[in-house]
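Peer 1: Sequence:
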Amino acid sequence: MASKIPYNKVFDVFKAGRDAGRSAEETVSVLILLGDDADHDHVASLRDAFLAEKPGGLVSVRPLSDPTAPDAPFDISIIVPGTDEDDMKRAVAQLASRATPCAIIVGSSVETYDFSYLGYQDYEPAVISAIEGDSLLEKLATWIIGVTDKHRAFAANFSFIRPIEVRHLITACAIQNATVGAINLIPGSDLPIMTTNQAKLALDIAAAYGKGLTLSRVPEMAGVVGAGFAYRQLARTVLGLVPGVGWVLRAGLGFGGTVATGNAIKARFEAEANAKLSSDTALATRSNSIEKS
Numbered sequence: 009m010a011s012k013i014p015y016n017k018v019f020d021v022f023k024a025g026r027d028a029g030r031s032a033e034e035t036v037s038v039l040i041l042l043g044d045d046a047d048h049d050h051v052a053s054l055r056d057a058f059l060a061e062k063p064g065g066l067v068s069v070r071p072l073s074d075p076t077a078p079d080a081p082f083d084i085s086i087i088v089p090g091t092d093e094d095d096m097k098r099a100v101a102q103l104a105s106r107a108t109p110c111a112i113i114v115g116s117s118v119e120t121y122d123f124s125y126l127g128y129q130d131y132e133p134a135v136i137s138a139i140e141g142d143s144l145l146e147k148l149a150t151w152i153i154g155v156t157d158k159h160r161a162f163a164a165n166f167s168f169i170r171p172i173e174v175r176h177l178i179t180a181c182a183i184q185n186a187t188v189g190a191i192n193l194i195p196g197s198d199l200p201i202m203t204t205n206q207a208k209l210a211l212d213i214a215a216a217y218g219k220g221l222t223l224s225r226v227p228e229m230a231g232v233v234g235a236g237f238a239y240r241q242l243a244r245t246v247l248g249l250v251p252g253v254g255w256v257l258r259a260g261l262g263f264g265g266t267v268a269t270g271n272a273i274k275a276r277f278e279a280e281a282n283a284k285l286s287s288d289t290a291l292a293t294r295s296n297s298i299e300k301s
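Convert by adding 8 to the 1-based position in the sequence shown; the result is the number in our numbering.
Hints in this document: simulated from the structure, not taken from any laboratory. Among the clues, some could well be false.
Unchecked claim - For lysine-lysine, the following DSS-like pairs were computed, each having C-alpha atoms within a straight-line distance of at most 25 Å:
1) Lys219 / Lys62
2) Lys147 / Lys97
3) Lys62 / Lys147
4) Lys219 / Lys23
5) Lys23 / Lys62
Stated by the list, open to error - Each pair of labels, with its calculated beta carbon distance range:
6) Ala275 / Lys23: 22 to 28 Å
7) Ala279 / Arg98: 21 to 27 Å
8) Val135 / Thr35: 35 to 41 Å
9) Asp45 / Val135: 15 to 21 Å
10) Thr179 / Asp92: 21 to 27 Å
11) Ala180 / Arg30: 27 to 33 Å
12) Ser73 / Arg106: 18 to 24 Å
All C-beta atoms, glycine included, are put in the ideal place defined by N, C-alpha and C.
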């Protein structure tokens, strides 16, 4: 008998999609403090990276030498220091008093700082060393996802965070499905669970791209369900050819199938994002041409 997706699983998927969409709409606030002679390349990388794509992305840029303590709670803070270490120490102490996660951007791994003066045993700013922009943003994105529970909203607002967030989502779901496939206590019970997990993954990825739960997501859901049945059929075929290694094969297909499905969904959203970027660029170019004429 063919496996079917229970109605309660469908409800779970749409509830998860609603929750994912809400998490992507959360407000995120970023404080960036720049030293008087901060590295220009680092400043340029941050300037381009922290252009929020949604109204909920709030970014405040201030001089590091400003003695005024942050007047609002921030989700994260980023410091690009100059040569005056006293300014940085004062700012870090203020951020520590509010338990605001802080990353200090430096150009070399040999640059170290002693934060014992803070007096907060559980508070330790991260020191991120990078010279090249892409490397800096990848490390920064990894740090942001690790220190905040709003990583979905950060990914929805700032595109440089999405690849890391989506990678984490796919890996977590793949491991979960590999476990389901390996256990499979009741024959056929793994398909509804794996397919449900993959459907939730599709909606999580959509949320990371700032896309909510709408009818436009139906193609992704249909594709996920179809892929689930295809992987199940493949597993049955191979199990007939190679008996005795069922749990290994199911676990491998659970992991590999989820990774493949997740990457396919990611590619779809990347294509949509690139198409929108090209359209926006063309529209801006046309508007500039009209203004000049």
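Peer 1: Hint by hint, say whether it matches the structure.
Peer 2: Structure-based check of all given hints:
no.	hint	in the structure
1	Lys219 / Lys62	holds, 11 Å
2	Lys147 / Lys97	holds, 22 Å
3	Lys62 / Lys147	holds, 23 Å
4	Lys219 / Lys23	holds, 15 Å
5	Lys23 / Lys62	holds, 23 Å
6	Ala275 / Lys23: 22 to 28 Å	holds, 26 Å
7	Ala279 / Arg98: 21 to 27 Å	violated, 47 Å
8	Val135 / Thr35: 35 to 41 Å	violated, 27 Å
9	Asp45 / Val135: 15 to 21 Å	holds, 18 Å
10	Thr179 / Asp92: 21 to 27 Å	violated, 41 Å
11	Ala180 / Arg30: 27 to 33 Å	violated, 19 Å
12	Ser73 / Arg106: 18 to 24 Å	holds, 19 Å
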